[in-house]
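With the sequences and hints as input, model every part of the structure.
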Amino acid sequence: AQSVAQPEDQVNVAEGNPLTVKCTYSVSGNPYLFWYVQYPNRGLQFLLKYITGDNLVKGSYGFEAEFNKSQTSFHLKKPSALVSDSALYFCAVEGGGYSTLTFGKGTMLLVSP
Amino acid sequence: DAGITQSPRHKVTETGTPVTLRCHQTENHRYMYWYRQDPGHGLRLIHYSYGVKDTDKGEVSDGYSVSRSKTEDFLLTLESATSSQTSVYFCASTLKPSTGELFFGEGSRLTVL
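As they're listed, the protein sequences go chains X and Z. Residue 62 in the numbering used here is what sits at position 62 of the first sequence, and the numbering runs on without skipping anything. Every position in the second sequence, counted from 1, becomes a number in the numbering used here once 1000 is added.
Everything labelled a hint here was simulated from the structure, so no lab data went into it. Each residue gets a CB set at the ideal place from its N, CA and C atoms; glycine is no exception. Among the hints, erroneous ones may be present.
A short, non-exhaustive set of chain Z residues, derived as facing chain X with CB atoms under 10 Å [as the list claims (entries may be wrong)]:
1) Y1033
2) H1041
3) L1045
4) K1053
5) D1056
6) A1092
7) T1094
8) P1097
9) G1100
10) E1101
11) G1105
Facing chain Z, a subset of chain X residues (Cβ under 10 Å, in silico) [unchecked claim]:
12) L33
13) F34
14) A92
15) V93
16) E94
Spelled out as structure tokens, the structure:
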């Protein structure tokens, strides 16, 4: 069965600094990987995905993610963090029947002014 | 944003009572999902549907049932609510599950006393 690990419960970064939110995965076959963001009292919103092709994937709001097959990682990155980026971030991998997604436990990103 | 709404948004009930949560989408999406979100567990799949009257179990389906009589509606029922089912429930839908781009509702917060 597929699984996703987000090793950090919380990441703190100052505004303007680069940020990284880590994700590692386990899946048989080629991985389909995703990042979602959740703002307080809201549902999740899709950020970006890796299906195939370039290892650096660009998504919404200036976020990007780097796929590394040898390290089985899919870390979320942004060159310059904004206070408004503060939210809960989920990594997910596709697998199971009808391409259901398995989510990680989430990482809270706090960007300080 | 995709038109996906959940009702009720908040509910407090007592142990042993039946509860039904409703998910309604106006996007004509074939695939619909119910997840629960709990601290330390992220999102876990309860049930999903791949068409009218076609449903299947997810990771944490015990104590839950679902029904899909129309494309736009996906109901989640707790036949006899327990305190362990206190959670935030999210519905999601997609036209193409292979893309991994799920559209989420705003969530239903259920408290079982």
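Going through the hints against the structure:
1. Y1033: 7 Å, holds
2. H1041: Since the shortest Cβ distance to chain X is 6 Å, the answer is holds.
3. L1045: Status holds, d = 6 Å.
4. K1053: 15 Å, violated
5. D1056: 6 Å, holds
6. A1092: 8 Å, holds
7. T1094: 9 Å, holds
8. P1097: 4 Å, holds
9. G1100: 5 Å, holds
10. E1101: Holds. Min distance 5 Å.
11. G1105: 5 Å, holds
12. L33: Where the cut-off is 10 Å and the nearest Cβ of chain Z is about 8 Å from X:L33, the hint holds.
13. F34: Holds - the Cβ of X:F34 comes within 10 Å of chain Z, reaching about 5 Å at its closest.
14. A92: It holds, given that the least Cβ distance between X:A92 and chain Z is near 7 Å, below 10 Å.
15. V93: This interface hint holds because 9 Å falls under the 10 Å limit.
16. E94: 5 Å, holds
Going through the hint list in order, the structure does not satisfy hint 4, though it satisfies all others.
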